[in-house]
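Generate the whole structure from the sequences, applying the supplied hints.
Using UniProt numbering, the first residue of the sequence shown is number 1, and each one after it goes up by one.
If you are wondering where the hints come from, they were derived from the structure by calculation, not from laboratory data.
Note that CB positions come from ideal geometry on N, CA and C, so glycine has one too.
Heads up, some of the hints might be wrong.
[What the hints assert, rightly or not] Simulated crosslink set (DSS-like; lysine-lysine; CA at most 27 Å straight-line):
1. Lys163 - Lys39
2. Lys292 - Lys39
3. Lys213 - Lys292
4. Lys292 - Lys163
[As the list claims (entries may be wrong)] Beta-carbon label-pair distances, calculated as ranges:
5. Arg99 - Thr160: 41 to 47 Å
6. Ser166 - Ala144: 47 to 53 Å
7. Gln260 - Lys213: 31 to 37 Å
8. Leu95 - Gln119: 36 to 42 Å
9. Leu109 - Ser166: 39 to 45 Å
10. Lys213 - Glu124: 39 to 45 Å
11. Asn85 - Arg120: 21 to 27 Å
12. Leu200 - Pro62: 43 to 49 Å
13. Asp55 - Arg237: 28 to 34 Å
14. Gly42 - Ala206: 35 to 41 Å
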Amino acid sequence: MKRQFCSLLMLLMVFAAWMAPACGDELPFGQGVLFQIEKDGGSAGYLFGTIHSEDQRVLALPEPVERAFIESPRLYVEVDMDAANMLASVAGMLLDDGRVITDLLEPSLYQQTVRAAAQRGLPEVALRHYKPWALAMLLSLPPAETGRFLDLVLYQRARTLNKEVSGLETIREQMDLFDTLSEDEQINLLRDALNNLDQLPTIFQALLERYLKQDLQGLVEINQQLLDSSASELADRFQVKAVDERNQRMVERLVAPLAQGGAFIAVGALHLPGEQGMLRMLERRGYRIVRKY
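Put into structure tokens, the structure is as follows:
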């Protein structure tokens with residue numbers, strides 16, 4: 001269940017990356033993964049860009065990140081990963097109108113989905129009730145080895161350390177990004193996922209290498225190459241919903257926590273850079289942004 005919950009967060013990050021606008025020579029805040037947020041000469045908190053990875057190089061937090069995390073009494077993540085939200089995330093991936101996936105997919109696409117799922121240890125019976133976008137998600141992620149992904153590790157550590165933990169979004173808000181897609185668009189996502197399975201290991205490795213170098217501009221550049229011009233209309237709409245609107249919503253919900261101070265904010269790294277990124281939005285609100293790592 002935790003795997004499926006974190007997969008949703010990863011899918012949001014990946015799609016936000018695919019829809020990221022092309023960057024020029026100087027992407028605002030294109031370097032760094034940890035930034036201190038200051039207001040009126042004092043620290044309001046830290047913003048840390050994460051990646052959905054269980055690689056030990058990612059989980060071993062660099063000293064500046066570890067120090068900022070330990071000294072902050074409150075953790076803010078995209079969505080609270082408690083048991084109720086995990087159950088809601090799984091339920092939200094399932095068809096709820098009495099239909100099954102074979103009612104939506106043409107036979108050849110369904111068989112292609114079954115074969116791909118079998119390679120990942122998912123039996124055919126497990127696929128029947130998933131929405132097309134959820135199947136696209138399940139097939140687009142590298143197989144988990146430990147299930148200990150960075151966002152989840154931070155969340156669990158914060159709970160163990162008795163930190164206050166809060167989500168900046170609800171599960172329903174995240175689900176709506178995909179549920180508002182038409183069935184044809186969801187099926188196209190599934191088709192694209194199946195057609196790109198062979199490329200995924202290379203893509204994820206490239207993303208990981210750039211992240212470890214704190215190269216957010218490099219992440220955006222890699223993902224810009226993935227954007228298929230034939231999907232530009234969907235890309236434009238998803239850009240607004242998955243990136244711009246979410247960034248604005250999360251920044252608005254950070255006003256009170258930042259006024260309180262002591263906030264450690266952990267969100268997908270690709271929410272940070274760019275003119276519509278969270279860091280620039282915070283800067284426009286009068287905060288001073290200082291790279292710490």
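Going down the list of hints, with the structure as the test:
1. Our distance criterion of 27 Å between C-alpha atoms is met by lysine 163 and lysine 39, whose separation comes to about 23 Å.
2. Proximity of lysine 292 to lysine 39 is assessed by CA-CA distance (about 16 Å); at most 27 Å being required, the pair is judged to hold.
3. A C-alpha spacing of about 14 Å is found between lysine 213 and lysine 292, which places the hinted pair at or below 27 Å, so the restraint holds.
4. Our distance criterion of 27 Å between C-alpha atoms is met by lysine 292 and lysine 163, whose separation comes to about 22 Å.
5. The supplied range of 41 to 47 Å is met by arginine 99 and threonine 160, whose beta-carbon atoms lie about 42 Å from each other.
6. Roughly 26 Å separates the CB atoms of serine 166 and alanine 144, a value that falls outside the hinted 47 to 53 Å.
7. Checking the proposed 31 to 37 Å range against glutamine 260 and lysine 213 shows it holds: the Cβ atoms sit about 33 Å from each other.
8. At about 23 Å, the beta-carbon gap between leucine 95 and glutamine 119 misses the expected band of 36 to 42 Å.
9. Hint check: leucine 109 to serine 166, Cβ distance near 40 Å, so the stated range 39 to 45 Å holds.
10. Against the hinted window of 39 to 45 Å, the Cβ-Cβ separation of lysine 213 and glutamate 124 comes to about 41 Å, which satisfies the hint.
11. Between asparagine 85 and arginine 120 the CB atoms are about 24 Å apart, so this pair conforms to the stated range of 21 to 27 Å.
12. Remark: the range hint 43 to 49 Å for leucine 200 to proline 62 is contradicted by a beta-carbon distance near 27 Å.
13. Taking the beta carbon of each, aspartate 55 and arginine 237 are about 32 Å apart, inside 28 to 34 Å as hinted.
14. Restraint check, glycine 42 to alanine 206: a C-beta distance of roughly 39 Å satisfies the suggested window 35 to 41 Å.
The structure fails to meet hints 6, 8 and 12 from the earlier list, while all remaining hints are met.
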